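Trainee: Chain order of the listed sequences is R and E.
Just so we're aligned: the first sequence equals residues 1 to 113 in this note's numbering.
Just so we're aligned: the second sequence equals residues 114 to 346 in this note's numbering.
Since the hints were derived computationally from the structure, they do not count as laboratory data.
The structure displayed is predicted, hence computed values, not measured ones.
Incorrect hints may have been included.
To be verified - Within a straight-line C-alpha distance of at most 27 Å, the following computed DSS-like cross-link-like pairs (lysine-lysine) qualify: (1) E:K266 to E:K171; (2) E:K171 to R:K32; (3) R:K32 to R:K16; (4) R:K70 to R:K32; (5) E:K266 to R:K70.
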Amino acid sequence: MHEMSLCEGIIRILEKEARSQGFARVKAVRLKVGAFSCASPEAMEFCFRAITRGTLADGAILEVERTPGKAWCMNCGETVTLAERYDSCPQCGTYELQVTGGDELRVTELEVD
Amino acid sequence: MSHARIVQVERDILGENDRLAADNRAFLASQRILALNLVSGPGSGKTTLLVRTIDDLKDRFPIAVIEGDQQTAFDAERIRAAGVPSVQINTGKGCHLDAHMVGHAMERLRPQPQSLLFIENVGNLVCPAAFDLGEAGKVVMLSVTEGEDKPLKYPDMFHASTLMLLTKIDLLPHVPFDVDRCLEYARRVNPGITMLQVSALSGEGLPAWYDWIEQNRLNAGAATAAVSAAQGS
């Protein structure tokens with residue numbers, strides 16, 4: 001359940017931003033979670049609710065935007081979209097793929113007051 | 114009356130861990146220490162292979178070990194009995210090591226310059242994949258008693274690893290494990306992965322594992338030398 005550690009990381013980011021951008025409460029947190037990012041959005045939501053109790057983000061909504069996995073197919077010579085890391089190229093069926101996107105795990109935007 | 118407003122942030126959730134991992138990596142490079150992060154599910158034979166490796170290599174160069182487990186100091190005691198310094202990290206309820214824990218463990222352990230540092234992660238094929246510790250590479254171990262489809266079931270870990278060690282190969286005559294299929298699955302998630310087959314019990318395949326370590330120790334030194342030369346120029 002490493003999502004708990006990831007959510008602790010979110011709280012640290014919120015606390016830093018609260019100091020630098022001058023807000024006291026967080027009402028919503030928006031994340032980008034890539035298809036290959038080692039984090040399950042469902043587990044993130046569960047852990048976020050548990051870990052934000054009594055913090056500046058108590059009761060805040062977590063909105064997760066899932067971003068697709070992208071890879072460069074060496075055989076086709078172009079970028080393709082993958083659902084899973086172990087998928088073959090949807091065009092040529094080979095596994096000659098270098099992952100180029102979908103690893104992100106980022107806080108993008110906050111709603112605060 | 115609400116004063117709600119939107120704030121743009123754009124911060125990596127793992128940013129703090131990655132920053133501490135970069136500090137660890139810089140320290141290791143300055144000391145020309147090769148650090149390997151050993152990852153696997155529980156029971157793949159990590160500690161047994163580690164003890165055998167230490168026995169065989171400790172006269173060639175200094176070795177130190179950071180041991181991660183949820184509880185007990187059993188593994189660190191096994192490593193110290195093998196004759197090298199070791200520090201145990203107990204993660205409690207935690208399922209992985211992070212760069213912060215490893216940074217503090219290195220302060221306690223004080224590995225020697227040009228040594229080999231093994232970081233034995235918590236037995237878990239999921240969570241440790243996400244956390245950079247500052248190591249030169251992750252070495253994933255898979256035993257032939259586990260099943261050749263593990264690279265597809267746990268793709269993040271096999272993707273994150275540089276080397277796969279197939280362990281307990283002395284048991285191959287007794288178990289239905291397809292080595293070629295396992296390698297094919299691993300290459301689907303990581304086309305560049307190297308696989309070596311070893312047995313800590315019979316010693317089969319260990320010379321290739323030791324050669325791999327020696328080569329990477331040289332590379333660690335050479336990479337650092339190149340960085341020093343660039344900084345000096």
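Trainee: Determine for every hint whether it applies to the structure shown.
Mentor: Hints, one by one, checked against the model:
no.	hint	in the structure
1	E:K266 to E:K171	violated, 35 Å
2	E:K171 to R:K32	violated, 46 Å
3	R:K32 to R:K16	holds, 19 Å
4	R:K70 to R:K32	holds, 15 Å
5	E:K266 to R:K70	holds, 20 Å
In the structure shown, a violation is registered for the earlier hints numbered 1 and 2, in ascending order.
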